[in-house]
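Novice: Sequence:
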Amino acid sequence: MDWYMSSLSSATSGPTDNLLYMYENAYQGFAASLEPEQAEALRKQSYVLGMYEDVPLKLHTTHTPSFLKSCNRFTRYYYVHVEGNTTGVLSPRDHQGHGTHTASTAAGSPVPGAAFLGKVMGTARSMAPHARVAIYKVCWDSNCWNSDILAGMDQAIKDGVDIMSLSLGGSDMFYFDNSVTVGAFTAMEKGIFVSALAGNEGPESGTVKNGAPWIMTVSASSIDRDLPANIFPWQWTTITGLSKYAQAGLDKPVGLVYNKGIHGSNMCLNGTLDPAAVKGKVVLCDRGGNERVEKGLVVRNAGGIGMILANTQTSDRDLASDPHFLRAVMVGVTTGNTMRQYVMSDPNPIVRVTFTPYRLNVRPAPVVAKFSSRGPYNPSVQILKLDVIAPGVDIVSAWTNDAPPTKSPFDKRRVQFNIESGLPLFDFSLLLCTHLMPVGFLRYHQLGLHRGHHVLDNTRRPITDGKDSSVADPWTLGSGHVDPQEALSPGLVYNLTRDDYMAFICGLNYTIEQVQLVVRDPSVNCSRKFSNLGELNYPSFSVIMNENRTVIDYAREVTNVGAPGSTYQVAIATPRSVAVNVQPMTLAFGPVGDKKRYTVTFAANSTNGTDIDKTYGFITWYNREHRVRTPMVFTYMLS
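Take the UniProt record's numbering: the last position of the sequence shown gets the number 639, and nothing is skipped along the way.
No lab work stands behind these hints, which were simulated from the structure alone.
These numbers come from a predicted model, not from an experiment.
Take these hints with a grain of salt, some might be off.
What the hints assert, rightly or not - Cβ-Cβ distance ranges computed for the label pairs, FRET-style:
id	residue 1	residue 2	range
1	45	551	47 to 57 angstroms
2	531	638	15 to 25 angstroms
3	471	158	20 to 30 angstroms
4	92	275	43 to 53 angstroms
5	489	509	36 to 46 angstroms
6	548	411	39 to 49 angstroms
7	531	410	27 to 37 angstroms
Where is the CB? At the ideal position from N, CA and C, for every residue including glycine.
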């Protein structure tokens with residue numbers, strides 16, 4: 001501490017009370033609040049490897065454990081960024097709901113009869129109810145500053161946690177300029193399993209976050225439960241939508257109106273509806289322009305008694321259930337267009353609405369959530385990211401009494417449980433995998449979990465993409481949907497060591513000082529580095545081709561963690577545009593822990609880059625007990 005204080009004082013020629021954090025475990029350095037000229041003076045010191053501006057990252061459920069088949073707690077908070085920049089309470093207590101929901105999803109005790117606004121959802125159960133959870137509050141007013149994140153990770157490493165889960169992420173950054181990446185590297189060195197969200201900026205490609213190979217990068221999928229609501233237009237068959245509204249429906253038909261008011265009334269914007277036309281009726285509202293639950297509040301304030309929230313072409317089939325202020329149902333664009341046509345063509349349109357608590361055995365499930373971020377990971381496209389998908393849609397878990405279920409300042413309701421969707425909520429399902437694993441098995445980091453997945457839904461068909469119902473590709477679902485049971489017996493794993501990751505980082509062509517920032521080791525000289533980042537012994541292949549590079553060889557080493565004497569054969573599924581050759585085609589192992597290498601040659605069959613770009617396939621090592629499926633993706637980039 002004295003050295004940091006002295007360095008800061010001599011470089012800034014002033015008091016040292018602007019020192020915010022000193023990092024001892026996740027990082028070697030400190031955070032301080034400095035004026036630009038002070039920062040520049042400190043940057044020029046010979047002992048400073050690097051200096052980076054603090055930037056904020058963003059924050060990105062009962063039935064989930066059953067769908068997957070499958071305490072002592074303490075909290076701390078970290079906020080010293082700049083006083084006055086937050087309206088949050090400087091306490092580890094949760095005043096927004098996010099922390100309570102995620103913590104109880106991870107390791108909450110079973111609670112029978114859990115209910116949400118009158119909807120009885122059954123027994124609320126966490127992913128690892130016998131685990132101990134330590135909570136580090138690093139986010140304030142939905143902003144998560146890099147300095148605070150690193151302080152939380154620093155403390156978690158010091159406390160000796162076994163698993164570290166981060167429900168936050170930011171923009172793509174260099175590895176050395178990313179607090180999550182740097183802190184996770186140190187955690188990996190200490191034998192800590194690190195998982196983090198992929199992001200919720202889908203369905204666009206290239207939006208995945210937290211893509212360092214020493215982090216298990218996870219994205220969201222649905223479960224086989226939804227929250228249906230039924231619409232009965234006059235003399236029509238039933239239309240089913242989604243809603244979290246839990247009170248009585250409309251037993252008798254009432255009038256249905258659309259676009260009744262000034263410009264913007266079709267979207268039910270604040271102040272646009274005509275109360276005389278809306279009072280006592282159900283209002284059809286287009287999605288967009290304002291928050292979904294806000295539309296219901298606008299309808300209610302104008303005298304409406306119900307709302308049908310209809311997607312437009314922009315939102316298409318992206319449905320979300322919400323705890324609305326009044327009777328409300330959300331429908332997709334096709335149904336929405338039908339309802340719009342009905343209202344505009346019928347002189348007296350009427351409708352009835354009913355609600356049910358929930359529906360189980362929904363098919364197909366899982367489906368990749370449309371909002372989930374997709375690969376590739378731009379800082380290192382030679383590594384396939386994300387890794388796996390896991391439940392993250394409509395998850396029921398505990399909620400703070402300090403925040404309403406909608407988080408709206410106009411919502412006076414309070415609940416003990418809330419139903420939330422999004423990436424902050426689902427990667428705790430991985431705790432079920434890692435918590436059940438023997439401690440020794442965790443030394444394989446996330447790589448054994450790549451075996452613990454499946455790629456078929458509950459209809460025995462390939463998992464689909466919520467964006468358009470097409471088959472989900474590896475950039476969308478990684479290796480597949482996490483499967484805790486299979487993760488306990490993967491058969492083969494792709495082991496990685498610190499030295500492998502070091503060669504990977506050196507292959508990023510950073511300066512030696514930037515590499516040292518990531519690995520916290522001033523003696524690193526990058527004597528070993530990958531000429532191609534795809535050389536990393538990762539359990540997938542991301543093959544980058546161009547007009548001058550049409551044949552690529554990669555080698556992989558697999559470790560036997562199954563029965564002694566196991567033998568595996570290989571099966572290859574590849575696009576027509578790329579020939580794939582694996583040698584040898586048989587792997588015969590000796591005892592547990594025995595290692596074998598195989599080489600894969602990828603050769604373009606086409607001179608047309610569009611035939612190759614965005615195609616994918618699989619290499620599967622199999623025997624009677626195991627099928628170890630390794631995805632491969634192909635990208636064509638002009639040199």
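Novice: Are the hints correct? Go through all of them and say.
Specialist: Against the structure, the hints come out as follows:
1. Between residue 45 and residue 551 the Cβ separation comes to about 49 angstroms, which falls inside the hinted range of 47 to 57 angstroms.
2. Roughly 20 angstroms separates the CB atoms of residue 531 and residue 638, a value that falls within the hinted 15 to 25 angstroms.
3. Range check, residue 471 to residue 158: Cβ separation about 45 angstroms, and the 20 to 30 angstroms hint is violated.
4. Separated by about 45 angstroms at the C-beta atoms, residue 92 and residue 275 satisfy the suggested range of 43 to 53 angstroms.
5. Take residue 489 and residue 509: their Cβ atoms lie about 39 angstroms apart, and the range 36 to 46 angstroms holds.
6. About 59 angstroms separates the C-beta atoms of residue 548 and residue 411, a value inconsistent with the hinted range of 39 to 49 angstroms.
7. Between residue 531 and residue 410 the CB atoms are about 59 angstroms apart, so this pair departs from the stated range of 27 to 37 angstroms.
Of the numbered hints given earlier, the model fails hints 3, 6, 7; all others are met.
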